[in-house]
Amino acid sequence: RPDSLVFGKNTDGSATPIFWCFQGYAEFSELARFLGPDQPLYGMRSGHLVMENTQANVEMMAAYYATEILDIRSDGPFIVGGHCQAARIAFHIARRLQEQGGHVSLLCLQEQ
Numbered sequence: 024r025p026d027s028l029v030f031g032k033n034t035d036g037s038a039t040p041i042f043w044c045f046q047g048y049a050e051f052s053e054l055a056r057f058l059g060p061d062q063p064l065y066g067m068r069s070g071h072l073v074m075e076n077t078q079a080n081v082e083m084m085a086a087y088y089a090t091e092i093l094d095i096r097s098d099g100p101f102i103v104g105g106h107c108q109a110a111r112i113a114f115h116i117a118r119r120l121q122e123q124g125g126h127v128s129l130l131c132l133q134e135q
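For the sequence shown, position 77 matches number 100 in the working numbering, and the numbering has no gaps at all.
Keep in mind that the hints were calculated from the coordinates and are not lab data. Note that beta-carbon positions come from the ideal geometry of N, C-alpha and C, so glycine has one too. A few of these clues could be false.
[Stated by the list, open to error] Computed Cβ-Cβ distance ranges for the label pairs, DEER-style:
| id | residue 1 | residue 2 | range |
| --- | --- | --- | --- |
| 1 | Glu75 | Ala38 | 34 to 44 Å |
| 2 | Ser97 | Asp35 | 15 to 25 Å |
| 3 | Leu129 | Thr34 | 17 to 27 Å |
| 4 | Thr39 | Tyr87 | 18 to 28 Å |
| 5 | Ala79 | Gln123 | 17 to 27 Å |
| 6 | Ala38 | Ala79 | 15 to 25 Å |
| 7 | Gln78 | Ala38 | 30 to 40 Å |
Let's have the full structure, built from the sequences with the hints guiding it.
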């Protein structure tokens with residue numbers, strides 16, 4: 024959607040989409056490039072440097088992103104991941120998706 028905060032690369036690929044929380048656009052672009060054109064990748068910002076990293080904010084972002092993910096792919100399975108601060112958000116997105124009946128087949132949490 025034009026008003027969406029979730030955006031995609033390689034969206035015509037046939038593999039199961041990956042929904043990735045990231046801190047900087049370069050991280051997302053490089054991941055899309057290395058995964059290749061058959062791997063759909065959807066990105067969500069972590070709020071790094073633009074919001075206070077509180078549990079309430081993390082939960083709010085996760086709820087919003089989970090809703091958007093379900094708009095993109097309502098039936099799953101879901102692959103969700105994130106790096107550093109974004110991994111916390113990815114964890115809560117996966118939890119929300121499961122609470123809403125979705126199947127999260129892989130949750131990838133990276134830390135430096």
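Status of each hint after checking the structure:
1. Between Glu75 and Ala38 the C-beta distance comes to about 36 Å, which sits within the given range of 34 to 44 Å.
2. Distance hint check: the CB atoms of Ser97 and Asp35 are about 19 Å apart, consistent with the given range 15 to 25 Å.
3. The hinted range of 17 to 27 Å is satisfied by Leu129 and Thr34, whose Cβ atoms lie roughly 19 Å apart.
4. Between Thr39 and Tyr87 the CB atoms are about 22 Å apart, so this pair conforms to the stated range of 18 to 28 Å.
5. A beta carbon spacing of about 20 Å between Ala79 and Gln123 agrees with the range 17 to 27 Å that was offered as a hint.
6. At roughly 34 Å, the beta-carbon separation of Ala38 and Ala79 lies outside the given 15 to 25 Å, and the hint is violated.
7. One distance hint, 30 to 40 Å for the beta-carbon pair Gln78 and Ala38, holds here, with the actual separation near 33 Å.
The structure fails hint 6 only (numbered hints given earlier).
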